[in-house]
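If you read the protein sequences in the order shown, they are chains B and E.
Residues 1 to 406 (my numbering) are what the first sequence spells out, left to right.
Residues 1 to 406 (my numbering) are what the second sequence spells out, left to right.
Derived from the structure by calculation, the hints contain no laboratory data.
Treat the hints with care, since some could be wrong.
To be verified - Below, a list of computed lysine-lysine pairs in the DSS-like style, where the Cα atoms sit at most 30 angstroms apart:
| hint | chain 1 | residue 1 | chain 2 | residue 2 |
| --- | --- | --- | --- | --- |
| 1 | E | Lys163 | B | Lys17 |
| 2 | E | Lys36 | B | Lys386 |
| 3 | E | Lys136 | B | Lys386 |
To be verified - To give a feel for the contact side, a few chain E residues facing chain B, derived at Cβ under 10 angstroms:
| hint | residue |
| --- | --- |
| 4 | Gly63 |
| 5 | Val364 |
| 6 | Leu382 |
| 7 | His389 |
| 8 | Gly399 |
Backbone N, C-alpha and C fix where the C-beta goes; we use that ideal spot for every residue, glycine too.
Protein chains: 2
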Amino acid sequence: MKAVIFVVDGLGDRPDKNGNTPLKEAKTPVMDRMAKEGICGLMNSVDIGVRPGSDTAHLALLGYDPYTTYTGRGPFEACGVGVTVKPGDIAFRCNFSSVDENFIVTDRRAGRIENTSELEKELDGLKIDDVEIIFKESGGYRAALVLRGPGLSDKITDADPKKEGKKVKEIHPLDDSKEAKKTAEIVNKLLKIAYEKLDKHPVNEERRKQNLPVANMIVPRGVGQVPEIMQFTEKTGLKGACIAGTGLIKGIAKMVGLDVIDVEGCDGTPDSDFMAKACAIVETLENYDFILVNVKGADEAGHDGNYELKKQVIEKVDEMLDYITKNISKDEVYFVLSGDHSTPIEEMDHSADPLPVVLWGKSVRVDDVEKFDEFSTYKGGLNWIKGVHIMPILLDLMGLAKKYGA
Amino acid sequence: MKAVIFVVDGLGDRPDKNGNTPLKEAKTPVMDRMAKEGICGLMNSVDIGVRPGSDTAHLALLGYDPYTTYTGRGPFEACGVGVTVKPGDIAFRCNFSSVDENFIVTDRRAGRIENTSELEKELDGLKIDDVEIIFKESGGYRAALVLRGPGLSDKITDADPKKEGKKVKEIHPLDDSKEAKKTAEIVNKLLKIAYEKLDKHPVNEERRKQNLPVANMIVPRGVGQVPEIMQFTEKTGLKGACIAGTGLIKGIAKMVGLDVIDVEGCDGTPDSDFMAKACAIVETLENYDFILVNVKGADEAGHDGNYELKKQVIEKVDEMLDYITKNISKDEVYFVLSGDHSTPIEEMDHSADPLPVVLWGKSVRVDDVEKFDEFSTYKGGLNWIKGVHIMPILLDLMGLAKKYGA
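Just chain B, with the same shape it has in the complex (with noise of 0.2 angstroms):
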C-alpha cells in the first residue's frame, strides 16, 4: 500500500451572508466523490483554535509534532533553498536591504535587486570567530543564512526594524546563557563585515550609476535552531517525496529526508501546471510509497479576498483529482484530501476553522457523508482530528503502525 496526503492550500472558509463558501459553491464532482467513497471528519492541522502557518500545519501532517519540531522559519527556509543544515546549526531568511551609514534601512529590499549570486559569494563562507558562515541567496532580495559552530543559541532577537526610515536593529540576547552571548555577537559583526563588504561593491557601485537603490546590508529574521528530526523514512518505513511549488514546504519536507520532485510540465493535458503535478503524482507513485502534496492558490486568493478565483482553483484542484483517481488503483493509494488551514475571504489571512477531511482508499469505514465541504464533512466517521493523527491513521491502514504494548 502506498499512500498521498493532498493539501489544497488554505482550502476551508467561513460562509458568507449567503451561508456559502467558495468549496461549498465549487462544483467538484470528484471531491464528493471520495467524500461518498471514504471517510470524512474536520480537520485542524495543530489544534482547535490554533491559526496555524503553513509551515507548523505540514510538519503536523507529516506527523511531527510543531511544538518540538518547529524552531522558527529560518532552519526550513534555508534547507528549502538548498543548504544541507545539521542539527544545532543557527538558520535565518534574510532580506538584502539598502541603508545608510548609519544603517537606517531606505529600501527593505533594495529596490527588488533581482541578481545577487555575486553578492552572495562575498559572506558565503566567512568565519568569524570558530563560527562558519553559510549564506545563500534565493531568488532577488531573499536569501539564508546559517550559522555552524559550537555552542550557538537561537535565543536572540531579530535584526529587522519591519519599517524603512528605521535602524537595522542591534542583536540582543534574549537569555543569560552564554551561548546566546555569543551567538548575538556573531550576527553584529557578521552585519558590520556584510556592510563594509556590500557597500563598495562593484555590482552596488554599478545600482548607484543607474540610480538604483544598493543591495549594501542584510537583515536576518525568523531565527531558528534546527532541529534534531527523525528522518520521515526511520519513522515511518515509507519512501517519501514531497511535489510542492513553494521553498517553505519544500524545505520542511527536504529537513524531514522527503525528496523533492520539480515539476516542469507534463503532457498529461494542456491546461496549466495544475494538471503537470496531477500527471507528477501518478509518475511519482511509481517509485515512492508516500507523497506529501500541497497545491497553492486557493491560499493565494483567500489571501486577496478573491472568492471566485478561491471556487476557480478548487474546480481546477477536482480536474486533477480526477485525472489522478482514475490512473490510481483505491486498492492500492490511500488518499488523503484536505487543507493546512482555512484562509477565509473575510479574514485574507490564515484562520483556526477546521478543515475538511476525507480519507479515501481500500477498507475504510464509508460513513454517510456525500459532500466534500465544511458543512457536510463534520458528520461522518473521522470525527474532529488533528493534523498529527492522520500519519498514525495512514500508517495502521497500511499494516505499518507499531503495536504499543503485547
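Add chain E to chain B, keeping to what the hints say.
Chain E alone, transformed into the frame defined by chain B:
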C-alpha cells in the same frame, strides 16, 4: 467584534426514566433559535470524564489550563472577597468555629454568627516571624486568610476536622521542603494566637451571655499558592468584565483581571434579578469587549434534586436570552451559551456529563441542529470540545488569534 460567554451554572443533566431532562423539557424558544442560527456541540469544561468544580470550569472557559493555574480554592475565594493577592501568597478559606479549651469543635460555623468584623480586626495585619497575616471576613462565619512572606509553600495539610466533636487538626507539611515546614509552623502558631485573641473577645463574651456559640477559633482549608496568571487583557487583547453572583466566580474573574460588575436591579422589566442581569449584560457590552456571565439557580436546583425548579430556572434564562439577543447585534457580538458542568437531579452534585454548547454570531458555520439540549447539540459542527477551546475559537473568529508559524 465583542464576545459573551454565558454560563448557566449546572446546566446539563442525565435523562430521567422517561428520557427527559429539565433542559429538554423546558420551553426555550430562544435557546432553540440560537442553536438553529449557530454552531452547536458538546463541551466538557475541563475534560471528558472529569467532574469539575465551578472554579476549575470557569478558569478553563476563560482559556486558562486549570491544571497549571488552579492551585486550590483559597486563592480564588480570597480574591473574590476583595483581598489583593500576589503571586506566591498562600491563601485559605476559613470558617469561624466554636471550640472548647482542647480545640474540640463544638460548632463548625460558630452558630452561623452574622457579624465578625470586630473579630477580623484581631487577626488582620498580624505578623508571625517574617510572615504577614491578611485576614478578611466574607460575610458571617466565613473568611479568607492569606499568608504573605518569603519561603512559603501550599504543600501542607488543612485544619478542618470536617465534623463536630473532633479536634481542629494540627497542620503538617506534605513534603520535605523547608518552605512547607515553615508554612505549617506559621499556621499552627496563628491558630493558637487566634484562640487566645478570640476566646475572651468582648464579642464572644457577649455571645456567651446570650447562650450563643462563640466564634473563638478559625479553621482554614482549601489552601493554595496564588499562581502567576497572565492577565486576560494581556493574553487576549480584550477589555473584559464579569457578571456573576457568587464570590468564587468573582474571585476567578478578579484573579485574571476582569472587572467585576455588580448588578443591583435595572429597569428593563420588573421580573426578578434574572432580567436585571440581562440588562446589565447589554449595558456592559457598550464599554467592554468581553463578558463572562454566570447565572446560578439551575445548579442550586440540581444540588437540591429539584427537577421542576431547574426547569423553571432554565425558562427564566431563556427570557434573559430573549432580551439580550434582541438588544445586541449578531454582526457585532459572538455569543457562547453553555454551562460550567452538569448538576444532574439524580446525582444532586456536579457530574462530568458534557454540556450542550452553541456558538452564535457572524460567519460561524451554521449546522443542522435545531434544538438546544443534551440530545441534539452533539450532532452539531462543534463536535465535542473542551472548555479551553472556547476562547481560542472566539479569538480566531474575532481576528485576534496569533499565527503559529509562518
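Against the structure, the hints:
no. : hint                    : in the structure
1   : Lys163(E) <-> Lys17(B)  : 61 angstroms, violated
2   : Lys36(E) <-> Lys386(B)  : 27 angstroms, holds
3   : Lys136(E) <-> Lys386(B) : 47 angstroms, violated
4   : Gly63                   : 9 angstroms, holds
5   : Val364                  : 8 angstroms, holds
6   : Leu382                  : 8 angstroms, holds
7   : His389                  : 5 angstroms, holds
8   : Gly399                  : 6 angstroms, holds
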